[in-house]
Amino acid sequence: NAGVTQTPKFRILKIGQSMTLQCAQDMNHNYMYWYRQDPGMGLKLIYYSVGAGITDKGEVPNGYNVSRSTTEDFPLRLELAAPSQTSVYFCASRTLYSDTQYFGPGTRLTVL
Amino acid sequence: AQSVTQPDIHITVSEGASLELRCNYSYGATPYLFWYVQSPGQGLQLLLKYFSGDTLVQGIKGFEAEFKRSQSSFNLRKPSVHWSDAAEYFCAVGSNTGNQFYFGTGTSLTVIP
Numbered sequence: 001n002a003g004v005t006q007t008p009k010f011r012i013l014k015i016g017q018s019m020t021l022q023c024a025q026d027m028n029h030n031y032m033y034w035y036r037q038d039p040g041m042g043l044k045l046i047y048y049s050v051g052a053g054i055t056d057k058g059e060v061p062n063g064y065n066v067s068r069s070t071t072e073d074f075p076l077r078l079e080l081a082a083p084s085q086t087s088v089y090f091c092a093s094r095t096l097y098s099d100t101q102y103f104g105p106g107t108r109l110t111v112l
Numbered sequence: 113a114q115s116v117t118q119p120d121i122h123i124t125v126s127e128g129a130s131l132e133l134r135c136n137y138s139y140g141a142t143p144y145l146f147w148y149v150q151s152p153g154q155g156l157q158l159l160l161k162y163f164s165g166d167t168l169v170q171g172i173k174g175f176e177a178e179f180k181r182s183q184s185s186f187n188l189r190k191p192s193v194h195w196s197d198a199a200e201y202f203c204a205v206g207s208n209t210g211n212q213f214y215f216g217t218g219t220s221l222t223v224i225p
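Residue numbers (my numbering), protein chains in the order written: chain A, 1 to 112; chain B, 113 to 225.
Be aware that one or more of the hints could be misleading.
[To be verified] Below, a sample of chain A positions facing chain B; criterion: calculated Cβ distance under 10 Å:
{"no.": "1", "residue": "L45"}
{"no.": "2", "residue": "V50"}
{"no.": "3", "residue": "E59"}
Rather than coming from a laboratory, the hints here were simulated on the basis of the structure.
Note that beta-carbon positions come from the ideal geometry of N, C-alpha and C, so glycine has one too.
Based on the sequences and whatever the hints tell you, model everything.
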C-alpha cells in the first residue's frame with residue numbers, strides 16, 4: 001500500500017515553462033487536495049476534488065489548473081511558471097467518511 | 113472568514129520537559145480542528161483531531177489537545193518531550209462541508225538534550 005505518491009521530488013523550471021506535478025493515491029479516496037507551502041506561511045489550498053470529474057478552487061488557484069479523470073490521479077498543471085510559484089507542493093487525500101487527510105511527501109519546485 | 117493563528121513561530125524545550133503549542137482559530141460554526149506534525153523533508157502526519165464531544169482529545173505519540181470554545185483555542189500538549197518530537201507542528205481547521213482546510217503558519221519545535 002503506497003498511500004499518496006508525488007512525482008517529481010524536485011524540479012527547477014525557467015520562467016514561462018510549463019509542467020505537471022503528478023499525484024496518485026491507491027486508497028480509493030474520494031477527496032484529493034493540492035496545497036502549496038511557502039516558508040513561514042503554512043499550507044494554502046490550491047485546488048481540491050471531491051471525486052472523478054469534479055474539481056473546485058481553493059484559496060490560491062491562480063496560475064494552476066487541475067483535472068481528475070480517475071479516482072487515483074489528481075495532476076496539477078502550471079502553464080506559465082513564475083517565480084512566485086516557487087514553493088513546496090503537497091498532495092493529500094481522504095475518504096468520504098473521515099476528515100483525516102493523508103499527505104504525500106511533496107514536490108519542491110523552483111522557478112528561476 | 114476561517115483562519116488559524118499559531119502565535120509561536122519557534123519553541124525550544126529541554127528533553128523531558130512539558131510542551132504546550134498554542135493555536136487559536138476563527139470559524140463561524142462548530143469547528144473541525146486538527147494538529148499535524150511535519151518532520152524535515154516529509155509530508156504532514158495527523159496527530160489528533162476534534163469534531164465534537166469530549167474537549168480533551170488524545171492523539172498519537174503521547175500528544176493531547178484541549179478544545180476551549182470560549183477562548184477559540186485548541187492547544188497541543190505533551191507531558192514529557194522526546195528528542196524525536198523535534199519537528200514542525202501545524203494546527204488546522206476544517207470547514208463543515210469537509211471540502212476545505214485552513215492551516216496555521218506552523219510552530220517549529222527544537223528539543224535540546
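Structure-based check of all given hints:
no., hint, in the structure
1, L45, "holds (6 Å)"
2, V50, "holds (7 Å)"
3, E59, "holds (8 Å)"
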